[in-house]
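Colleague: Spelled out from the first residue to the last, the chains are:
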Amino acid sequence: MANYAMALDYKNCINCKACEVACKEENGVLKGADKHRIWVGANEVKGEWPNLDIVSATFVPSQCQHCEEAPCQDVCPTNATYYNEHGVVLVNAEMCILCSYCMNACPYDARYVDDRTATVDKCTFCSDTRLARGETTTACQNTCPTKVRTFGDLDDPNSEISELLRTREHFTLKSHLGTKPKLYYLT
Amino acid sequence: MMAEAIKKQGIKEFITSIPFKKIGLKELFGFEKTPVNILIALSVIAFLAMFAIGVTTYLMHGHHAYNVTREHPWGLLIAVYIFFVVSSTGLCIVGSLGDVFGFKDYMMISKRAIFGSIVTIIAGFAVIAFEIGHPVTMMIYNVLTPGLTSAIWWMGTLYGLYLTFMIVEFVFLLKNDMKSAKIFGLIGLLVGLAAHSNLGSVFGFLNARPISNGVFYPTYFILTAFITGIFIAFIMMGFRYKLKFPENAKIMLTNLAKIQGLLISILIFFVTWKMLTDIYGSMPDRADVAIHILGSWTFWAEVILAMAIPLVIILASSGRAVNTLFFASLSGMIGVFFMRYNLVHDTQLKPLQMLKKTEYQLSPEWIHYFPSSAEIMISLGGLGLCLAMYYAGTKFFNLDADEHH
Numbered sequence: 001m002a003n004y005a006m007a008l009d010y011k012n013c014i015n016c017k018a019c020e021v022a023c024k025e026e027n028g029v030l031k032g033a034d035k036h037r038i039w040v041g042a043n044e045v046k047g048e049w050p051n052l053d054i055v056s057a058t059f060v061p062s063q064c065q066h067c068e069e070a071p072c073q074d075v076c077p078t079n080a081t082y083y084n085e086h087g088v089v090l091v092n093a094e095m096c097i098l099c100s101y102c103m104n105a106c107p108y109d110a111r112y113v114d115d116r117t118a119t120v121d122k123c124t125f126c127s128d129t130r131l132a133r134g135e136t137t138t139a140c141q142n143t144c145p146t147k148v149r150t151f152g153d154l155d156d157p158n159s160e161i162s163e164l165l166r167t168r169e170h171f172t173l174k175s176h177l178g179t180k181p182k183l184y185y186l187t
Numbered sequence: 001m002m003a004e005a006i007k008k009q010g011i012k013e014f015i016t017s018i019p020f021k022k023i024g025l026k027e028l029f030g031f032e033k034t035p036v037n038i039l040i041a042l043s044v045i046a047f048l049a050m051f052a053i054g055v056t057t058y059l060m061h062g063h064h065a066y067n068v069t070r071e072h073p074w075g076l077l078i079a080v081y082i083f084f085v086v087s088s089t090g091l092c093i094v095g096s097l098g099d100v101f102g103f104k105d106y107m108m109i110s111k112r113a114i115f116g117s118i119v120t121i122i123a124g125f126a127v128i129a130f131e132i133g134h135p136v137t138m139m140i141y142n143v144l145t146p147g148l149t150s151a152i153w154w155m156g157t158l159y160g161l162y163l164t165f166m167i168v169e170f171v172f173l174l175k176n177d178m179k180s181a182k183i184f185g186l187i188g189l190l191v192g193l194a195a196h197s198n199l200g201s202v203f204g205f206l207n208a209r210p211i212s213n214g215v216f217y218p219t220y221f222i223l224t225a226f227i228t229g230i231f232i233a234f235i236m237m238g239f240r241y242k243l244k245f246p247e248n249a250k251i252m253l254t255n256l257a258k259i260q261g262l263l264i265s266i267l268i269f270f271v272t273w274k275m276l277t278d279i280y281g282s283m284p285d286r287a288d289v290a291i292h293i294l295g296s297w298t299f300w301a302e303v304i305l306a307m308a309i310p311l312v313i314i315l316a317s318s319g320r321a322v323n324t325l326f327f328a329s330l331s332g333m334i335g336v337f338f339m340r341y342n343l344v345h346d347t348q349l350k351p352l353q354m355l356k357k358t359e360y361q362l363s364p365e366w367i368h369y370f371p372s373s374a375e376i377m378i379s380l381g382g383l384g385l386c387l388a389m390y391y392a393g394t395k396f397f398n399l400d401a402d403e404h405h
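As you go down the protein sequences, you meet chains V and F in turn.
The opening position of the first sequence corresponds to residue 1 in our numbering, with each subsequent residue numbered one higher.
The opening position of the second sequence corresponds to residue 1 in our numbering, with each subsequent residue numbered one higher.
These are computed hints drawn from the structure, not numbers from a lab.
Restraint ranges, calculated between C-beta atoms of paired labels, are given here:
| no. | chain 1 | residue 1 | chain 2 | residue 2 | range |
| --- | --- | --- | --- | --- | --- |
| 1 | V | ILE54 | F | VAL312 | 55 to 65 Å |
| 2 | F | SER318 | V | GLY32 | 57 to 67 Å |
| 3 | V | ILE14 | F | GLY281 | 33 to 43 Å |
| 4 | F | GLU359 | V | GLU48 | 21 to 31 Å |
| 5 | F | SER296 | V | THR58 | 31 to 41 Å |
| 6 | F | PRO284 | V | GLU48 | 16 to 26 Å |
| 7 | F | TYR241 | V | ALA118 | 40 to 50 Å |
| 8 | F | LEU330 | V | THR172 | 45 to 55 Å |
Bear in mind the structure is a predicted one, so any value in this text is a computation, not a measurement.
Where a beta carbon is used, it is the ideal one built from N, C-alpha and C, also for glycine.
Construct the complete structure from the given sequences, taking the supplied hints into account.
Modeller: This is how it looks when you write it as structure tokens:
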């Protein structure tokens, strides 16, 4: 079984938002600013003229971190949120009761309500779309013009992501919460 | 114990022998036509109508009828659910003083308080049923695939059990079988306390929310439940005796007021230290949120209505001004409502994602929320249901202590 994760060379991000569009298109995510599985956060320039901290203006693409210790899974009263065999955190819409506890417990604001099913939805690493068709990339990775994202198997030492994590310094978001996130930001 | 009683009598006879008054519709809806009674009756009818309108709006539009968002997924209905279940647990504690722990002075309110605990939790369930997106799915998968690490699972399951024990206890109280009532009352109390502290842990377990995370809420919930129970005890007894209390009621209420004085003092101590530890050291996502809370009028509504006013009256009169304390308890209950609203809203005040996500907007600051009309109508409807059920209970059952007590 694979252990899927994603590395993000986030400093290459140009905030074109093609990833957001590709995700919505590929996964049939509803329109609307609040309905998104992935997003690009913008750090604004800090400081005051003339001491502007230009390097602080970065773009931080993000999404569900597919945590190894996912708080959203722990709090789910019906186990509708589960880990699949590849370590991807998914929601079984049939079992979701929309108590919204997971939305409150996720430290990354990665969950939203899909109005069609009135259940909680989130990034699936394209498990039920591209991966199910035998592709090896996610929609956001495939469309990225500056090659920010690298999706792959952490358990395969020869995978591109394993190589990147071996050779590049990286960090994860809010890892002090013990979530063991699997979105790695390369520095 | 119940099995024994049923074995002796047979289930049909056990149920049919539950004492209740056989009254007609005229008697059910007949009450003394004082201006206050008429006002309450009209309010209850209006609240029930609002409940129907609110629920219809929800059934037509789903969660779009509410002002809940991705960043603020829990709204007024969660707060009102907590308000009702806190009331229920509190009434269970007050009711148990007499029939479980054997303090004779409190026996006169046991039956009334236990009945109150049943109607308040039913009102709470009625409200939450229209907040949970799929309540039927919940009942199925709560059993089929229980999420044992989920505080909501434990809270919901234990509250379901608690309601059962409360009903059984009430039946035994009606039958004047005090031994069985004591056993079911004790189990119900323990299950209720477990359920209620689990409700606190729903917030306490949120590692992502430093303002709520920790041991505070699971313990604070039990304390505030007891306080709420005493407020409602005053309100119920005030209406029962139309503020002309007999001597034994005065003694009981004075004792309750003294306990309340101690409990509110402890609460003020708890809240003060929570605020100080939240702010001390300027820890991000905690200190800034606490300072923001101190600047909100709803926090001060909670402090003044639920803490300051009742405590000052209790201290000034040594708990003997029971008539004034009836009105202070009404103020207290409004304060308790704000306490619940603040708990839910303040937990979600700070955005989890602080970066700017869309163009032509500022970076997120504080999450704003104000309940929609449907949320307000369903909440008031819950209050209407609670009052209507309690009123019917006073007509069908003898909620006073039996003579020999």
